[in-house]
Structure formats: structure tokens, C-alpha cells
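**Student:** Starting from the known structure of chain A, arrange chain B on it as the hints suggest.
Listed below are the residues making up each chain.
2 protein chains.
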Amino acid sequence: MSILVVGSVAFDTIATPSGRVENILGGAATYFSLAASYFTEVRLVAVVGEDFTGLHEAVLKDHGVDTRGIERAEGKTFRWGGQYLDNLNEAKTDFTELNVFEKFQPRIPKEYADTQFLFLANIHPTLQTAVRREMNGVRLTGGDTMNFWIQGTPQELAETLKLVNVLLINDTEVKMLADEKNLLRASRKVLTMGPQALVVKHGEYGATIFFREGAFGIGKHPFRAPALPIEEVKDPTGAGDSFGGGFMGYIASQGEINREVLKRALFYGGVMGSFAVERFGTERLQNLTREEIDARFQIFRELTHLE
Amino acid sequence: MSILVVGSVAFDTIATPSGRVENILGGAATYFSLAASYFTEVRLVAVVGEDFTGLHEAVLKDHGVDTRGIERAEGKTFRWGGQYLDNLNEAKTDFTELNVFEKFQPRIPKEYADTQFLFLANIHPTLQTAVRREMNGVRLTGGDTMNFWIQGTPQELAETLKLVNVLLINDTEVKMLADEKNLLRASRKVLTMGPQALVVKHGEYGATIFFREGAFGIGKHPFRAPALPIEEVKDPTGAGDSFGGGFMGYIASQGEINREVLKRALFYGGVMGSFAVERFGTERLQNLTREEIDARFQIFRELTHLE
Numbered sequence: 001m002s003i004l005v006v007g008s009v010a011f012d013t014i015a016t017p018s019g020r021v022e023n024i025l026g027g028a029a030t031y032f033s034l035a036a037s038y039f040t041e042v043r044l045v046a047v048v049g050e051d052f053t054g055l056h057e058a059v060l061k062d063h064g065v066d067t068r069g070i071e072r073a074e075g076k077t078f079r080w081g082g083q084y085l086d087n088l089n090e091a092k093t094d095f096t097e098l099n100v101f102e103k104f105q106p107r108i109p110k111e112y113a114d115t116q117f118l119f120l121a122n123i124h125p126t127l128q129t130a131v132r133r134e135m136n137g138v139r140l141t142g143g144d145t146m147n148f149w150i151q152g153t154p155q156e157l158a159e160t161l162k163l164v165n166v167l168l169i170n171d172t173e174v175k176m177l178a179d180e181k182n183l184l185r186a187s188r189k190v191l192t193m194g195p196q197a198l199v200v201k202h203g204e205y206g207a208t209i210f211f212r213e214g215a216f217g218i219g220k221h222p223f224r225a226p227a228l229p230i231e232e233v234k235d236p237t238g239a240g241d242s243f244g245g246g247f248m249g250y251i252a253s254q255g256e257i258n259r260e261v262l263k264r265a266l267f268y269g270g271v272m273g274s275f276a277v278e279r280f281g282t283e284r285l286q287n288l289t290r291e292e293i294d295a296r297f298q299i300f301r302e303l304t305h306l307e
Numbered sequence: 308m309s310i311l312v313v314g315s316v317a318f319d320t321i322a323t324p325s326g327r328v329e330n331i332l333g334g335a336a337t338y339f340s341l342a343a344s345y346f347t348e349v350r351l352v353a354v355v356g357e358d359f360t361g362l363h364e365a366v367l368k369d370h371g372v373d374t375r376g377i378e379r380a381e382g383k384t385f386r387w388g389g390q391y392l393d394n395l396n397e398a399k400t401d402f403t404e405l406n407v408f409e410k411f412q413p414r415i416p417k418e419y420a421d422t423q424f425l426f427l428a429n430i431h432p433t434l435q436t437a438v439r440r441e442m443n444g445v446r447l448t449g450g451d452t453m454n455f456w457i458q459g460t461p462q463e464l465a466e467t468l469k470l471v472n473v474l475l476i477n478d479t480e481v482k483m484l485a486d487e488k489n490l491l492r493a494s495r496k497v498l499t500m501g502p503q504a505l506v507v508k509h510g511e512y513g514a515t516i517f518f519r520e521g522a523f524g525i526g527k528h529p530f531r532a533p534a535l536p537i538e539e540v541k542d543p544t545g546a547g548d549s550f551g552g553g554f555m556g557y558i559a560s561q562g563e564i565n566r567e568v569l570k571r572a573l574f575y576g577g578v579m580g581s582f583a584v585e586r587f588g589t590e591r592l593q594n595l596t597r598e599e600i601d602a603r604f605q606i607f608r609e610l611t612h613l614e
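So the sequences go chain by chain: A and B. Read in my numbering, the first sequence has 1 at position 1, and its numbers run on one by one without any break. Read in my numbering, the second sequence has 534 at position 227, and its numbers run on one by one without any break.
One chain only, chain A, in its complex shape (with noise of 0.2 Å):
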């Protein structure tokens, strides 16, 4: 069943210490919307400026990914240059040009009514949430946040928390959501504030995924799945974005959802994460096949199988 992304398409300026690029396709809906076109039917709802080419309109387009969406407006689009030449695992931002991005309002597009699932990827909480209104006949909703809206715009986001069933943030953030250093204790808290079930993405050591009692099915723990070690990690960017389409679009591709279905998204998002950082930008999750991503499933499967 098809999944409607709302969030950023971007030109991507990035150092690593395995090279440089200047002004790549990026952003957070382009990385989701690749990694879940090998699962499912995507549509986009984003902003570009004049500087978006027909040509980057085809890397969308080339996947299946529905571009109806994309609003284009006067001006430049959104920019980010960073670096992460001491950290792999943080990027030090050089600049941030919102462009476009800034009075982003997200339209959706009447083709995209019957939508059945939604993902709002890290944009103003104010704006995740109208368009959650707007949507209001989808199965499941998942939903991105950061640190910039957790601690700016605390209230706007406990509107959003309500409205989303999955939310997908790394350990930094559900931390400084819950105001609590213990991320079992952490992540408690954050289920009582509206999602039934909790991602949280730990980089290179993979996610857990907690469930509010109850949701999805029964079972007291929480679910873990690993991340293979990566000879070369060559760029970051958009790893947890690309986790996010291979776990939402897997959910999607499945005709029920329940913990069995969800603890196998969570294993397909570190298999994309994992392949998003192998080349720079998009380039690894433009050339994919799906048998080469069921392979690295299996992979990751054996990682922690015990006979």
C-alpha cells in the first residue's frame, strides 16, 4: 500500500575523509523516498526552488516515487553543507540556507486522499501535525523529530506526539524529549505522550524499537536489531532518513501490522541505513535491488541468530 512522505528535498554541500561533493540531492524526503521505493508505492509532498531539475526530478520519478507533490516556488532550494571529518557518527553543519524550505506549507495533492500510510520526516511540528489533520483516514502514521523543535517548540510537538503511532529518534533525542538520562525510563515516557511504539535509532550499533503495553500485540520486551560493522562508511548523511523508508515502507508492504511485521521493519531500516552509507549522497539507494536487500536482511539476521 502506497506511504505519503512530507518533508525536506535538499542540495547537499558534504566533507568526509573519503571526499568531498557540492550541492547533491538530499534532504530527508529524498533519502526516505528512495529507501521505500523498493517496498512499496511513494508519494512525496516537499518544496524545491528553480534550481530543480527535470534531471533530479528523474532520480525520484525513476523509483516509482509519485513527485505530484513536490510544490515548485521562487527562489533557491533548502541547502545544507556539513562535515564529518573527525566524527563519522556527528555532523559539524557549515551552513543551513533555508531557501524555499522556510515558508514551506505543505500541500497535498487530491490524488493523494486515499494515502493509507503517512510519514512526517523532520520539519516544523506545527506543520507535521496540520498535515496529519489533513490526513486523517491513514492506518499509521510514523513521524521524525530533532533537537531544535524538542527544545524549541516543546508544546507544538506534544500536539504532534499525539497525532503519530510510530516515532523514529535517535538516543540524544528521546533523552532530551523525556528529560531522563535512562533510555529504558526515557523511552517509557515518551509512550505516554501519544505514540503506541518507540524507534530508537543507536547509529552504528542498529535500533530498538519499545511498544506501549499492549500496542501492536502483547509481549513485555522490546526488540533489538543489530547493524552489520561497515568497512567504509563514506557518508552518513541520510542514514536515519533511509533507516526510516525501509522500516515505514516495509510496514506498508505488509498487509497487517503487528509486532512480528514491525520487528522486521526494524531489522529492513538498518539494512537501508546501512546501504545509504556506503557511497555519497543517494548514489547507493538509486542502485539497489531488492535481492541484494533481502541478502543484507539475512546478513543481519545471522548477526545475532544462535542456533
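Take these hints with a grain of salt, some might be off.
Computed list of lysine to aspartate or glutamate pairs in EDC-like fashion (alpha-carbon distance at most 20 Å, straight line) [claimed, not checked]: (1) A:K220 to B:E539; (2) A:K181 to B:E397; (3) B:K417 to B:D358; (4) A:K181 to B:D373; (5) A:K189 to B:E563; (6) A:K220 to B:D373.
Over 12 Å on every C-beta distance to chain A, these chain B residues come out as not near it, computed from the model [claimed, not checked]: (7) E378; (8) S494; (9) R519; (10) H528; (11) H612.
Because the hints were derived from the structure by calculation, they are not lab data. For glycine and all other residues, C-beta sits at the position ideal for the given N, C-alpha and C.
**Tutor:** Coordinates of chain B only, in the frame set by chain A:
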């Protein structure tokens, strides 16, 4: 089969957000011995001072640990003081008093000569090498080290590593030892230094075992054991040593040594580490049952098990 551990016995003064304790029984060899005692017969070689009483020794003897290798020297036992007030993942050392440990020369009782498994806890690599040479008939040697020896005595450590079958260190140490920031490449390099297997401890994220090609069986990939998020980490002291005790103790309890045994051992290591941190010092390790251990093993297994 029995296992001999050579390492420190200490009195620790520890402050964490959960409280403060003074001069409680600790030291790497103590945590290791108690954790391993649930799996196999443990023999201990260490040095203590006149302040080490029969009550302290009883903690070990009550778990069947053979304490004939504990040498009593004039003076005080090794003392360490540290705090985890800001960060439960890393201790800030307040003081280190080596005392009798400064002149420690491990003496192996002749009754220990038939020991089949050896663990060289974190002591001067020259002492580790001497013990390993003396125990030349062992089936498997595990070893630990730390940044202090990696940077301070690299040549001595290189000699030790040639004699160690399984090295157990953490992420930071493996990267420092290999002078390489990428974990996978660092691990491959360490596996050229002597060990046939390398266990990298990731703290709250579990541990990964890397195998030299062809060692302990066939397979291309490493194996990762996750760790359950714990609600209250009271005192992280000794978690890594308890991990080592569970890991090595389980291996020593098995007839064969192959990859499946080492994988299960990795889970048991994580289980023992997770118990250790639930109480101050060795309290939790003193009061366990094998049933509790196996129940948590099952939880760890289910934590990443896909149907």
C-alpha cells in the same frame, strides 16, 4: 573444566547517581571469578594486603572459587576510587593506590597446573606473558588490556597478544590498538596481531565477536550479542569483567570450542554484565541462580530473534 584468572583484587570507593560506597570488594579478577563461578570451577591468582579478611575471602569461597592462589603481602590491598556522576558509561577516577599490587608477581600454585582455560585480566602485559608461558598446556587463553598498556607498553603488549586466543576489549581500545577509526578495519588488524577471535564490548549496546578467517569454524561475518536496556544502572563498575567471566566461564563449561559455543558465550557475557550493574559492587553477582541467568539469556535471545 576449570578456568584460571590472574588479575586484580581491590577495594573500591564508588559514587554514582544512585549512591556512594566505600572500600567494597572489587577488582577485575573478583568480578570475573564470581561471574564465571556460575558456569565452571574457578581458580584465582591475585595479591592482597593485610586488610583483606576472611570475610572477603568467604565471598569468593562461597561460590566455589579456589583461592589458594591469593597471595597475602605486607601492606594494603589495591584501592581505587571513582565516580560516574555525569556519565554512567565512563568512570572518572578519583584516586588509584596500587599498594601491594605494585609489586605483584603472579605465582601459580602447583595445584593449578592442570587448568585448561586461562584468563589474563587487565595487568601489565609482561606479567600476562609470563603467566601464559608458565601455563603452556591450556586449551584456550582469553585476555584483556587497556589504553594505559596500549599506549605505554606497546612492545610488551604485542608479545602478549601473540599468546592470546580471544582478546576482550572495548570499542575505544580496539581502535587505539589498531590505530584505525573504523571498527571493522581495526578488528581485522587486531586479528593479525595474534588472537584468533576478538570480542569488542560496546557497553549498553552489547558486544561483537570477530573471527580470524577459518578460526573456530567457517563463516564470513562477525556475530553480535545485544544487551537489554536496563531500567536502573546502579553501578557500572565491573561490568566488563563480569562480561568476561560469563563469556569465558560458559566456554570452559562446554566440551567443544566452536563458533556456536563462542556465540552463546557472547550472550552469556552480556547477561552477566547486565546483572553486575544492577547493584553496587559484586552484590548482584553474589546472589544469583543459574535459573535467573538462563531466564535472562532467553530474554536476550528473544530481543533480536525473528520468527
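**Student:** Now tell me, hint by hint, if it's right for this structure.
**Tutor:** Checked hints:
1. A:K220 to B:E539: holds (17 Å)
2. A:K181 to B:E397: Given pair A:K181, B:E397 holds - Cα atoms ~14 Å apart, limit 20 Å.
3. B:K417 to B:D358: violated (26 Å)
4. A:K181 to B:D373: violated (40 Å)
5. A:K189 to B:E563: It is violated: about 45 Å lies between the C-alpha atoms, which goes past 20 Å.
6. A:K220 to B:D373: violated (39 Å)
7. E378: Fine: 40 Å to the nearest Cβ keeps B:E378 off the interface.
8. S494: violated (7 Å)
9. R519: holds (15 Å)
10. H528: violated (6 Å)
11. H612: Since the minimum Cβ distance to chain A is about 7 Å, B:H612 lies within 12 Å and the statement is violated.
When held up to the earlier numbered hints, the structure conflicts with 3, 4, 5, 6, 8, 10 and 11 and fits the remainder.
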